[in-house]
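Spelled out from the first residue to the last, the chains are:
There are 4 protein chains.
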Amino acid sequence: MTPPPPSNGGAAQPASDDNNNDHLVQSEDPEHPANLIPSLCAKFWTLGWVTGTGGGASIRDDDLVYIAPSGVQKELMKSSDIYVLSLAAQAKSLDRRSRVYLRSPPQYKPSQCTPLFLAAFTKRGAGCCIHTHSHWAVLVTLILEQQNSREFRINNIEQIKGFGNGFQKSGNLGYHDTLVIPVIENTAHEEDLTEFLEEAMDKYPDTYAVLVRRHGVYVWGDNVHKAKTQCESLDYLFQLAVEMKQLGLPWISEVEPTVPRRQD
Amino acid sequence: MTPPPPSNGGAAQPASDDNNNDHLVQSEDPEHPANLIPSLCAKFWTLGWVTGTGGGASIRDDDLVYIAPSGVQKELMKSSDIYVLSLAAQAKSLDRRSRVYLRSPPQYKPSQCTPLFLAAFTKRGAGCCIHTHSHWAVLVTLILEQQNSREFRINNIEQIKGFGNGFQKSGNLGYHDTLVIPVIENTAHEEDLTEFLEEAMDKYPDTYAVLVRRHGVYVWGDNVHKAKTQCESLDYLFQLAVEMKQLGLPWISEVEPTVPRRQD
Amino acid sequence: MTPPPPSNGGAAQPASDDNNNDHLVQSEDPEHPANLIPSLCAKFWTLGWVTGTGGGASIRDDDLVYIAPSGVQKELMKSSDIYVLSLAAQAKSLDRRSRVYLRSPPQYKPSQCTPLFLAAFTKRGAGCCIHTHSHWAVLVTLILEQQNSREFRINNIEQIKGFGNGFQKSGNLGYHDTLVIPVIENTAHEEDLTEFLEEAMDKYPDTYAVLVRRHGVYVWGDNVHKAKTQCESLDYLFQLAVEMKQLGLPWISEVEPTVPRRQD
Amino acid sequence: MTPPPPSNGGAAQPASDDNNNDHLVQSEDPEHPANLIPSLCAKFWTLGWVTGTGGGASIRDDDLVYIAPSGVQKELMKSSDIYVLSLAAQAKSLDRRSRVYLRSPPQYKPSQCTPLFLAAFTKRGAGCCIHTHSHWAVLVTLILEQQNSREFRINNIEQIKGFGNGFQKSGNLGYHDTLVIPVIENTAHEEDLTEFLEEAMDKYPDTYAVLVRRHGVYVWGDNVHKAKTQCESLDYLFQLAVEMKQLGLPWISEVEPTVPRRQD
Chain A
1 MTPPPPSNGG
11 AAQPASDDNN
21 NDHLVQSEDP
31 EHPANLIPSL
41 CAKFWTLGWV
51 TGTGGGASIR
61 DDDLVYIAPS
71 GVQKELMKSS
81 DIYVLSLAAQ
91 AKSLDRRSRV
101 YLRSPPQYKP
111 SQCTPLFLAA
121 FTKRGAGCCI
131 HTHSHWAVLV
141 TLILEQQNSR
151 EFRINNIEQI
161 KGFGNGFQKS
171 GNLGYHDTLV
181 IPVIENTAHE
191 EDLTEFLEEA
201 MDKYPDTYAV
211 LVRRHGVYVW
221 GDNVHKAKTQ
231 CESLDYLFQL
241 AVEMKQLGLP
251 WISEVEPTVP
261 RRQD
Chain B
1 MTPPPPSNGG
11 AAQPASDDNN
21 NDHLVQSEDP
31 EHPANLIPSL
41 CAKFWTLGWV
51 TGTGGGASIR
61 DDDLVYIAPS
71 GVQKELMKSS
81 DIYVLSLAAQ
91 AKSLDRRSRV
101 YLRSPPQYKP
111 SQCTPLFLAA
121 FTKRGAGCCI
131 HTHSHWAVLV
141 TLILEQQNSR
151 EFRINNIEQI
161 KGFGNGFQKS
171 GNLGYHDTLV
181 IPVIENTAHE
191 EDLTEFLEEA
201 MDKYPDTYAV
211 LVRRHGVYVW
221 GDNVHKAKTQ
231 CESLDYLFQL
241 AVEMKQLGLP
251 WISEVEPTVP
261 RRQD
Chain C
1 MTPPPPSNGG
11 AAQPASDDNN
21 NDHLVQSEDP
31 EHPANLIPSL
41 CAKFWTLGWV
51 TGTGGGASIR
61 DDDLVYIAPS
71 GVQKELMKSS
81 DIYVLSLAAQ
91 AKSLDRRSRV
101 YLRSPPQYKP
111 SQCTPLFLAA
121 FTKRGAGCCI
131 HTHSHWAVLV
141 TLILEQQNSR
151 EFRINNIEQI
161 KGFGNGFQKS
171 GNLGYHDTLV
181 IPVIENTAHE
191 EDLTEFLEEA
201 MDKYPDTYAV
211 LVRRHGVYVW
221 GDNVHKAKTQ
231 CESLDYLFQL
241 AVEMKQLGLP
251 WISEVEPTVP
261 RRQD
Chain D
1 MTPPPPSNGG
11 AAQPASDDNN
21 NDHLVQSEDP
31 EHPANLIPSL
41 CAKFWTLGWV
51 TGTGGGASIR
61 DDDLVYIAPS
71 GVQKELMKSS
81 DIYVLSLAAQ
91 AKSLDRRSRV
101 YLRSPPQYKP
111 SQCTPLFLAA
121 FTKRGAGCCI
131 HTHSHWAVLV
141 TLILEQQNSR
151 EFRINNIEQI
161 KGFGNGFQKS
171 GNLGYHDTLV
181 IPVIENTAHE
191 EDLTEFLEEA
201 MDKYPDTYAV
211 LVRRHGVYVW
221 GDNVHKAKTQ
231 CESLDYLFQL
241 AVEMKQLGLP
251 WISEVEPTVP
261 RRQD
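Residue numbers (the UniProt record's numbering), protein chains in the order written: chain A, 1 to 264; chain B, 1 to 264; chain C, 1 to 264; chain D, 1 to 264.
One or more of the hints may lead you astray.
Unchecked claim - Per the computed footprint, the stretches of chain B lying under chain C, defined by three or more beta-carbons under 8 angstroms from a beta-carbon of chain C, are:
1. 50-59
2. 209-218
3. 221-234
4. 238-248
Stated by the list, open to error - Here are the simulated lysine-lysine pairs, PhoX-like style, with alpha carbons at most 20 angstroms apart:
5. B:78 with A:245
6. D:169 with A:43
7. C:245 with B:245
8. A:78 with A:123
9. D:78 with D:43
10. B:78 with B:109
11. C:245 with C:123
12. C:78 with D:78
13. D:43 with C:43
Claimed, not checked - Some chain C residues flagged as far from chain D (calculated, every beta-carbon gap over 10 angstroms):
14. 23
15. 54
16. 69
17. 80
18. 81
19. 106
20. 158
21. 246
22. 258
Treat the hints as calculated values from the structure; they're not laboratory data. Computed from a prediction, not measured in an experiment: that's the story for all the values here. Don't be surprised by glycine CBs; every beta carbon is placed ideally from N, CA and C.
All chains should be built: construct the whole structure from the sequences, respecting the hints.
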């Protein structure tokens, strides 16, 4: 798929109707990003991740970034609702907040999550980024707030293996490893989270997720499969962590490794 | 859509069969209110909002009000089950409880929620009103009852942004704003709630929802999209609030605003 | 629908294949009991009511009783899995445990719930009886066991209105009424519950449900609609009751009635 | 179905493309194992059992074993993703870890669960084995860990009847019986669990399930129906057990049997 040149010379305004590159979101392929974002978001709605138009997802296909608009009901989204922009064109822009859209849906506003998704694509080479308002994620940040903590830490749970070892590293975390997810404080305007998200990426170079206090979580991966697997695994761990807290069980434990005795 | 004249001169009885305006509920358009109410209610049933025929939803399209009947299984409703009435005709009626139905389903009784939905339409110009029996809403009213409180208050949660600033105001609440939802006491007969709902609307002119103690919640919005978004966001916040209570976390907090340092 | 004469003269064995009255379970009508039981059970499976082949439902259409077999996966049931028997023929049988089946599925055994469903049909004239293993029901019986109690009592909750006033009475319970559901002790063999269920029906003539300790609940109604509405309402109340217990809120309360001031 | 001879002489590498026995996973029959594993896993995903590519299921049809690959999204699996191997061929192999695949999907790696599924098939003659990461299972192992216990024990709950009496025994457990499920410690590598699972099978010859600490559960049965029924019943009991713990209710109780008085 060769991206066409930006149609509106760098301005943030939607392109004129007859030059809106609607072909970028038109495909019969269910795996095309413009079809996949709606079907993923419908699934996420049933999981309680994108309730009340909150949360969302973005997919990058080489230089093209597909992104849902602001304020849309996530389980009802259509491919025609999708924004498309060129990643390279954003980097060239002097003004970070003036974004070039190759294709804009006529009736919507761009999502405030856009610069956060872009951070995952530019700083981590991610192929997909998911943002949820999962109440398990929010509860974890509230529990950590009472402990004055800016890190979620859990170890010795099998599902931890659902996470990669880190940026440009091969392999996944092991059962005994400690998964560490940084927490950043929420800002009044979602776009203002960007610098803090980027800071967290710098401080935790191997993390694939950042929790946002009293808000939710951003999770990314090299591709849609990995981002979704990591997001599901993390939500599972957040739910488990809240239930462990209710039962008085600690998140970090000392577990003696069990070694196989048999020599095959 | 031009509403036909009322067919039965102000009486509450259903119109005769050959003059029942069935065309008002017959449409191939899934967005037509007579199709949308059943599909919304089926979705709400899976969320536990309209269990056991409780709860419901009403949509206003200009002067026409579409409303589900009493005692119907909400996930099985059909467009032919829908009542239609003229909002203007109700206002002209001397007797508030004698309602003019343009179209009545043959085998049902009108919903006791009708005057409460009408209050949202007449006093707030709402385009849609949703009533749920969500157990999260009921639990919140029970927790507040123990505190002798008639207000649900929560702040510093991102999902609060899902609410509009108030009647005839533009924009939405911010992250640090306190969302305030009044609680009214339940009455033996649902219709009798109307005056207390209207009082709450007068006292809290900017609210889009009223909790009913030991019963549920009424939520409205300028249109279906906004009513549903606000209802989902509120149910999310009620669930979060109950879980925060179980974890000993307060609903109102002091959170220092996080200010972006970067000057773009 | 005219029931054919019993084909096997009172024996409990299935009828021979060429005389098995398969037409009794063959219909294109989704409302036919042989189609409705599978679709209801599939829905109940998603609610966690009939997990692991537990629970079930039976429908009576005049003299004909339709009933699911033992040990079938409830979300996968087909109309061809359904037993049919004549209610009148059971009453005439001298041996209560020798039941006359008009139609039997070839590969199954009759459900142990059969005599309990029949009790609802014969003693209460019910048109439908639902049996769930809902863990909310089980938890309520466990909480009551610790209080040495054989009655679930709750009042001042709107959803109580989902219940009828009682056998051969018109109208429904009111908001301030106390819903009382008797609890019977579980027996090693489900059929042995029958006499205790019947005793509870005699002692609580107006109840539409009986809880079974550490087991689940039986709920019935004059027809499918009423049985399902009452079963959903009860499960809602059981869930609420467990959550109230976890929050330290009492199930029985003194609530001052709120009286409307306006004279319309 | 006659299995073809192994196509690659005992090596673990996938067969060459033109000899990959794809016909083994191609069938129009929804009950064919290659179709049933994907539909079961899709259902299990909605239950939270196979979140984030965790967990899985395997079916044995005579000598042929069908098994899902590693790291696949369980609700999106297709029949073409399925591995097939000959049970007899594994037993003949000198090296336990070098497995003979009759058919391999081109782009995947074999599941680390494979030897654990094979243990259920060879040591217990199971026809199906299910592995879940259900958080109820994990929470039960965490609660037991605090009690230094390696056994989950529960009695006097009706759903216990969902379990068979044991290997090569007829009939099911009774209401008053104590269900005992052994817990093994988790290992860093899932394959290394095999010897401990086999040990638990030897020590608890009648169990149909083994819990894995901080990981999940393996459940099997003589066929798909029994494995699924036992897995659902166990997950129900794990959920109930966690909720009982939260309410301070014990898992083991003394319950006086209730004996029927009526002599039929």
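Each hint tested on the structure:
no., hint, verdict
1, 50-59, "holds (count 4)"
2, 209-218, "holds (count 4)"
3, 221-234, "violated (count 0)"
4, 238-248, "holds (count 3)"
5, B:78 with A:245, "violated, 45 angstroms"
6, D:169 with A:43, "violated, 43 angstroms"
7, C:245 with B:245, "holds, 13 angstroms"
8, A:78 with A:123, "violated, 29 angstroms"
9, D:78 with D:43, "holds, 14 angstroms"
10, B:78 with B:109, "holds, 15 angstroms"
11, C:245 with C:123, "violated, 34 angstroms"
12, C:78 with D:78, "violated, 25 angstroms"
13, D:43 with C:43, "holds, 14 angstroms"
14, 23, "holds, 26 angstroms"
15, 54, "violated, 6 angstroms"
16, 69, "holds, 13 angstroms"
17, 80, "holds, 15 angstroms"
18, 81, "holds, 13 angstroms"
19, 106, "holds, 16 angstroms"
20, 158, "holds, 25 angstroms"
21, 246, "violated, 7 angstroms"
22, 258, "holds, 32 angstroms"
Hint violations for this structure: numbers 3, 5, 6, 8, 11, 12, 15 and 21, all remaining hints satisfied.
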